[in-house]
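> So you can see what is in the structure, the chains are spelled out below.
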Amino acid sequence: MNAASQADAATSVDASDQLRAQQWGFLARVLSGAPDREVLDALGGLTGDGTALGNAYDVLAQTARTTSEQEVRREYFELFVGVGRGELLPYASFYLTGFLNERPLADLRRDLSAMGIARAEDRHEPEDHIASLAEVMAGLAEGTFDAGALGCGTAGEAGFFARHLEPWVTQFFDDLAIAPSARFYRPVAEIGRIFTDIEMRAFELARDGRRPAMGVAAG
Amino acid sequence: MPQQVLRLAVVGVRYPPANRWATGQTRPVAVMADVPALEPGAPMTRQDGAETVYLGDFALVLHSGETRHYIDNLQAQQPSVWVAMIGDTVQLLTVDPYEGEALAGDVERVVEALPMPPQTMARLQQFVADHHVEETFYKRKRKPATSPDDPRAPRVLSDDEKWVQSRGRAGHPGGKAR
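Protein sequence lines, in the order shown, are assigned to chains A and B. In terms of the working numbering, the first sequence opens at residue 1 and continues consecutively. In terms of the working numbering, the second sequence opens at residue 1 and continues consecutively.
Since the hints were derived computationally from the structure, they do not count as laboratory data. Take these hints with a grain of salt, some might be off.
As the list claims (entries may be wrong) - With the Cβ distance kept under 10 angstroms, some of the chain A side facing chain B (calculated, not the full set):
(1) Glu75
(2) Glu78
(3) Gly82
(4) Val83
(5) Arg85
(6) Leu89
(7) Phe99
(8) Gly143
(9) Pro167
(10) Thr170
(11) Phe172
(12) Leu176
(13) Ser181
Computed from a predicted structure; not experimentally measured. Glycine included, every Cβ here is placed at the ideal spot set by N, Cα and C.
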């Protein structure tokens, strides 16, 4: 990830949003299914700077270079599919209530339908899967989705994040980092943890009416 | 999954038709561990029209996954070999009592539980000793929400809670490892 230029204020917001969209897109890609060789090669070419996020990307690139497609696929199976269940259940409903397909999913579906977003036909995971939430966040950052229609203090990107991701996403990435089978996904968890932390603080700053430090999110 | 094949000789009795419209019937009456040097269908004795014939030697396949059933058979007062016949042909030999019982459900079939020869019993005991994996029965129950231990599923599944294949080739190759 390139460091975003913060020199020009007018373009830096757009550029940082673009980079945030890329970050969310990256999380959506690796959490929705095991990355193939092409993606692994692309990840292997990344270099980070000295920040915590940059270091996590260095570790990820190192792991992506040394691992095979087959191993990652196996790991993804152990973590998220499994026999009976995987090591983790990456659903908002499970993290918030202890059970799948509970009210948090219903709330999310209502909000998504208000935003005009629907699950793709070939996708069978419930919408509260971490990957689909990351994809929605990517769309919101990029501007392809609009969360303006949501009410009850959840309007906008920050509201969507606060309502559907903030209560559990930190816990999820912590769990992913300590899952017994996680190897390639350990740096992914680290990146997710740091990135969502930055997002959380940025949204908080934006809400407090100060200048949002979103350039930091680009890492 | 490890298997072992034993050859057993089966002796049957051919009963003549009870009336002119009926057909005769053949029933298995004995199994022998030693295969005699006889052609299948060779007559042995004849008494009151009922003819004892040698039906031939047949495979008895022991499966390592069924050892629990074999133990139940061996613990019975009279361990048995179930011989299933359709018409004049022997269809299947089994020492799994539950399979034998299931076979007997078909009215077309003649199924007899015949005394197991001592040699076969010894080989079956050896097979069980080699391959039996004791599995304790675990009844899953729903925990009430007020239970002191959290009734919710664990957030991260640890390795010892995972399902593992404990039988067959992917599990313990020798069938004995625990």
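> The structure should be examined with respect to each hint, and the outcome stated for every one.
Verification of the hints:
1. Glu75: Nearest chain B Cβ about 14 angstroms off; hint violated.
2. Glu78: Interface hint status for A:Glu78: holds (8 angstroms vs cutoff 10 angstroms).
3. Gly82: Cβ of A:Gly82 sits 7 angstroms from chain B, so the hint holds.
4. Val83: Because about 4 angstroms separates A:Val83 from the closest Cβ in chain B, which is inside the 10 angstroms limit, the hint holds.
5. Arg85: holds (7 angstroms)
6. Leu89: holds (7 angstroms)
7. Phe99: Check passed: Cβ of A:Phe99 comes within 7 angstroms of chain B, closer than 10 angstroms.
8. Gly143: With a minimum Cβ separation of about 34 angstroms from chain B (threshold 10 angstroms), the hint on A:Gly143 is violated.
9. Pro167: At about 14 angstroms, which exceeds the 10 angstroms cut-off, the nearest Cβ of chain B leaves the hint on A:Pro167 violated.
10. Thr170: violated (13 angstroms)
11. Phe172: At 9 angstroms from the nearest chain B Cβ, A:Phe172 passes the 10 angstroms test, so the hint holds.
12. Leu176: holds (9 angstroms)
13. Ser181: holds (8 angstroms)
Of the numbered hints stated above, those contradicted by the structure are hints 1, 8, 9, 10, listed in ascending order.
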